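First to last, the protein sequences are chains A and B. To convert, take the position in the first sequence, counting from 1, and add 201; that gives the numbering used here. To convert, take the position in the second sequence, counting from 1, and add 30; that gives the numbering used here.
Quick caveat, the hints were computed from the structure, so don't treat them as lab data. There's no promise every hint is true.
[What the hints assert, rightly or not] Stretch by stretch, here's where chain B covers chain A in the computed footprint (C-beta under 8 Å, at least three residues):
{"hint": "1", "segment": "220-230"}
{"hint": "2", "segment": "254-260"}
{"hint": "3", "segment": "276-283"}
[As the list claims (entries may be wrong)] Not close to chain A: a few residues of chain B, all C-beta gaps over 12 Å, as computed:
{"hint": "4", "residue": "LEU33"}
{"hint": "5", "residue": "GLY47"}
{"hint": "6", "residue": "GLY79"}
{"hint": "7", "residue": "ARG128"}
{"hint": "8", "residue": "HIS130"}
{"hint": "9", "residue": "ASP131"}
{"hint": "10", "residue": "LEU132"}
{"hint": "11", "residue": "THR135"}
{"hint": "12", "residue": "GLY136"}
{"hint": "13", "residue": "GLY137"}
{"hint": "14", "residue": "GLU151"}
[Claimed, not checked] EDC-like, lysine to aspartate or glutamate: derived pairs with alpha carbons at most 20 Å apart:
{"hint": "15", "chain 1": "B", "residue 1": "LYS93", "chain 2": "B", "residue 2": "ASP62"}
{"hint": "16", "chain 1": "B", "residue 1": "LYS120", "chain 2": "B", "residue 2": "GLU151"}
{"hint": "17", "chain 1": "B", "residue 1": "LYS59", "chain 2": "A", "residue 2": "ASP233"}
{"hint": "18", "chain 1": "B", "residue 1": "LYS93", "chain 2": "A", "residue 2": "ASP230"}
{"hint": "19", "chain 1": "B", "residue 1": "LYS93", "chain 2": "B", "residue 2": "ASP146"}
{"hint": "20", "chain 1": "B", "residue 1": "LYS72", "chain 2": "B", "residue 2": "ASP62"}
{"hint": "21", "chain 1": "B", "residue 1": "LYS120", "chain 2": "B", "residue 2": "ASP131"}
{"hint": "22", "chain 1": "B", "residue 1": "LYS120", "chain 2": "A", "residue 2": "GLU263"}
{"hint": "23", "chain 1": "B", "residue 1": "LYS120", "chain 2": "B", "residue 2": "ASP62"}
{"hint": "24", "chain 1": "B", "residue 1": "LYS120", "chain 2": "A", "residue 2": "ASP230"}
{"hint": "25", "chain 1": "B", "residue 1": "LYS120", "chain 2": "B", "residue 2": "GLU134"}
{"hint": "26", "chain 1": "B", "residue 1": "LYS59", "chain 2": "A", "residue 2": "ASP230"}
{"hint": "27", "chain 1": "B", "residue 1": "LYS72", "chain 2": "A", "residue 2": "ASP287"}
{"hint": "28", "chain 1": "B", "residue 1": "LYS93", "chain 2": "A", "residue 2": "ASP287"}
As the structure is a prediction and not an experimental result, all values here were calculated from the model. The C-beta atom is built at its ideal place from N, Cα and C for all residues, glycine as well.
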Amino acid sequence: MMTAALLFAFGCFGLGLLFNLWRITTGPDAADRILALDTMVINVIAMLILYGIYRSTAMYYEAAMLVAMVGFVSTVAYCRFVLRGDIIE
Amino acid sequence: MSLITEITISFFLVVAGIFGLVGSFGLLKLPDSMQRLHAPTKATTLGVGGVLIASMLYFLLVKGTLSFHELLITLFLFLTAPITANFIAKTFITRNVRDHDLPETGGNYGWAPYDDPPPQEVDLPDDRTGQ
């Protein structure tokens, strides 16, 4: 039963990634694209932890943590680039 | 693995999957950019939170090890989500809304993308005050 629930959650987050990809390609504004990329990072974190449960190893927490940090920094950098025309002033 | 454990972990996994899907679907479905900002918060809090709770329960009840990495990830996501949303909203306002279309802020200073930041009282060290 837990394997079925895991596969269900994998499918949900994978479908969510496809939705985000659609929003990135058709998003009318840069803010929409940044938001879709940020949501994509969130979905990838969830999928990494799910894969850790699936393989029953604790190795993927570090990867999820690193992805979370890199995603936050890249979102802020992209927003600052659009806002100020420069990332580090 | 007992049946209760399995049912609990499966429940959290299914709830997390549904909320993650709802968050991404709202990003696709909602018509306005500022409304779209609202949807992925569900994916952040309940989607990833449910997955992390399921992972903690799995490693605690099945593998017998208690780990706090999940709490670290949750804390980091909860700390950074408002900052990210604020930055994205400012980006949208800067690119799409002009200054005279915005309502009054009601305070002493205007909107952050258009007005200069308020002057700050900087406490310089003593050797730098006299220039």
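### Task
Given the hint that B/LYS72 pairs with B/ASP62, test it: the Cα-Cα distance must not exceed 20 Å.
Roughly 17 Å separates the two Cα atoms, so the pair holds.
### Query
Would B/GLY47 pass as off the interface with chain A, using Cβ distances and a cut of 12 Å?
violated, 3 Å
### Pair hint B/LYS120 and B/ASP131, alpha-carbon separation not exceeding 20 Å
Holds, at about 15 Å.
### Message
Between the alpha carbons of B/LYS120 and A/ASP230, is the straight-line distance 20 Å or under?
### Response
holds, 13 Å
### Task
Quickly compare the C-alpha distance for B/LYS59 and A/ASP230 to 20 Å and report which way the hint goes.
holds, 15 Å
### Message
For a C-alpha distance cap of 20 Å, please report whether B/LYS93 and A/ASP287 respect it.
### Response
The hint is violated at about 48 Å.
### Query
Does the claim that B/HIS130 lies outside the interface with chain A hold up, using a Cβ gap greater than 12 Å?
holds, 20 Å
### Query
With a Cβ-Cβ cutoff of 8 Å, does the segment 220-230 of chain A contain at least three residues near chain B?
holds (count 6)
#### Entry: Separation of B/ARG128 from chain A, once the least beta-carbon distance is taken, above 12 Å
holds, 15 Å
### Message
When I compare C-beta atoms, does the segment 254-260 of chain A have three or more residues closer than 8 Å to chain B?
### Response
Our answer is that it holds, as 3 residues pass the Cβ test (under 8 Å) against chain B, meeting three.
### Message
With the threshold set at 20 Å, check whether the alpha-carbon distance from B/LYS120 to B/ASP62 stays at or below it.
### Response
Measuring from Cα to Cα gives roughly 15 Å; hence the hint holds.
### Query
Under the criterion that the straight-line Cα-Cα distance not exceed 20 Å, is the pair B/LYS93, B/ASP146 satisfied?
Outside the cut-off at roughly 55 Å; violated.
Hints 4, 5, 6, 15, 16, 18, 19, 22, 27 and 28 from the list above are not met by this structure, while the remaining hints are.
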